[in-house]
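Construct the complete structure from the given sequences, taking the supplied hints into account.
Chains as they are written, first to last, in my numbering: chain P, 33 to 156; chain W, -13 to 493.
Incorrect hints may appear among the rest.
Below, computed lysine to aspartate or glutamate pairings styled on DMTMM-like, alpha-carbon distance capped at 25 Å [what the hints assert, rightly or not]:
hint	chain 1	residue 1	chain 2	residue 2
1	P	K101	W	D124
2	P	K101	W	E190
3	W	K95	P	E154
4	W	K300	P	E153
5	W	K300	P	E145
6	W	K95	P	E153
7	W	K300	P	D144
8	W	K101	W	D91
9	W	K95	W	E358
10	W	K357	P	E154
The set of hints was computed from the structure by calculation and includes no laboratory data. Keep in mind the model is a prediction, meaning the values are calculated, not measured.
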Amino acid sequence: MSHLLTNYYEAASVILFGIGFMNLLLQNNLIKKFIGLNIMDTATYLFLAAKGYVFGRVAPILTNGIIDKDYYINPIPAGLVLTGIVVSVSVTAFSLALVLRLYKHYNSLNMDEILRMMREEEGE
Amino acid sequence: MEHHLNLVHNIPFFSIFFAMFCGIITPLIKNGRTARRLHGFMVLLIGALSVVLLVNVTQNGEAFTFMMGHFPAPWGNELRVGPLEALLAVLVSVVMFLTITGGSDIIFKEIVPEKQNLYFIMLNATFGAMLAMTYTNDIFTGYVFIEILTIASCTLILAKGTKQSIVGTTHYLVFGCMGSGLFLLGVCILYGITGHLLFPQIKEGVAALMATGDYHFALMIVVSLMFVGLGIKSALFPFHSALPTAYGSTMTTSSGILSGLVLKAYVILAIKLTFEVFTVQTLVELKIADVMFVLGVLGMVMGSVYAVRESRMKRMLAYSSVAQIGYIFMGIGLGSVAGMLAACFHVFAHAVTKSMLFVCCGAFIEDAGGKEQLENLKGAAHRNPLAGIGFTVGALSMIGVPLFAGFISKLYFAMAAVEMTGPRLVLVLAALAISMILNAMYFLPSVIAIWTRPKEDGEGASKRAQISSTFALAMVLFIVVNLVLGIGYRPFIDVMKLGIELIQMTL
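So this is what it looks like as structure tokens:
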């Protein structure tokens, strides 16, 4: 329990991840489904950002001539977050484009309903 | 593992770069046929270079790392190449080339002309991402290419442009996103507890953690997240539900690539992680190997049970893929080198067989005017005898008849099982036997159906279809490759053994 309190950022991000994951899995509304995907991805960025920041240190940009590794933070987690954001933006854009086309064809955002309509059409 | 100037060592980087570069310049080519030629040239060139690489690393018995950029090991990004990776690159190139050659008629028929070149962008991206996942030595690079492969493979499903294919793509994308999300969280936590992203450094970290017992629970979570993520992406049994909708709704060429290669790319990453990051022993200690074993065995049986109940050929082949992925995960889950060897060989056997089956199935459906129910495909082999022979060879290989590739992998699975004792031995042998019978139960009726002459109800019923030269070439080569894997399998097994040994040595 005390671990959870000291690592509250990580705990929060894992809880957020769970919320996002369950939304992606269980939501029937496609827009909500992909919002779930975004919550899930953002949660991992919170995790990485929290892991990457060390209290009292600064970003590794040499401005006042201090060459001491204990003065700076590790920039790699921030780099990973940036890469991850690029990936999740493109996945979201792609998925929303798909949802748009689905809506045009089926006039619905409900995945179950769409699957039912598809089966009915195939059954004909 | 020293860095020296050797032109051969540049091949892996060049392969990934060239595939991606071709993807980038393809939008400038408006004509689909030219785009296809560029794609074919690229795959052939990379395939030939990979053969050179394979011969080189096998003769020297070496594995090397290639530094990307100019930062040395703990900081920079790396590729790692050994005999196993080189052999996988050759496999990916061969199967890609043959599937696209055999299925090109379908591509040009089913995609509207102004979008044909776009299909080849995605094929090039898929190819590049699969090569990158085979070669990478960095876990985050692995994640990024998983996402690239997800989007690229979704667009391959979408290419047909029908309503059904959009639904199939959405379904596939949702599952893909869940898999990569779990994998990403696993990567983040692993980075948090080891502080590294390169495989060898993580391996050291994991070994130290296992020795001291620190972060035992976190490590277990990490391993489960990553392997469940990869399991979802490679359609391991309980996570397979997107596969039949997706494959059933798209072109057979796309299905062949997706089932033969894309699913395998995730499996390859799982095998790489097993050896290069966690070690087999860690997986066994954390009980993840047991989970994979059980899911694999269940998948072997359940995938085939679903396939038996299916009357549409594409969906039947999709369920059959679920069963075959079960074989591979069972092999990984055995937790022995022999099991891993069998899993590796099955990756090869299934890749060459399933993509051939899909290409043949595409030809049948094409001749039957787009109908894919088994009863509509009666006599299909008489309309297109070459596709009929190809389908028969593929079916026999999947069932596990000697002389064909599928038999050898089943033989090695059985040999790996004999090393085990107790319930695992019984389970593997029983699962192999049951799934073999089930395989025969759904493949033999379809083989008999396509060779049965339909009663003359119309004039066009048994008319010969035009067999294009590209299809004939691809089909003959597919059959030859299958027989080579089934009869002359020794050299392949030797290279895989050497590759696995070299991977295990690196620390």
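Tested hints:
no. : hint                 : verdict
1   : K101(P) with D124(W) : 24 Å, holds
2   : K101(P) with E190(W) : 23 Å, holds
3   : K95(W) with E154(P)  : 22 Å, holds
4   : K300(W) with E153(P) : 18 Å, holds
5   : K300(W) with E145(P) : 24 Å, holds
6   : K95(W) with E153(P)  : 23 Å, holds
7   : K300(W) with D144(P) : 22 Å, holds
8   : K101(W) with D91(W)  : 15 Å, holds
9   : K95(W) with E358(W)  : 17 Å, holds
10  : K357(W) with E154(P) : 12 Å, holds
The structure fails none of the hints (numbered hints given earlier).
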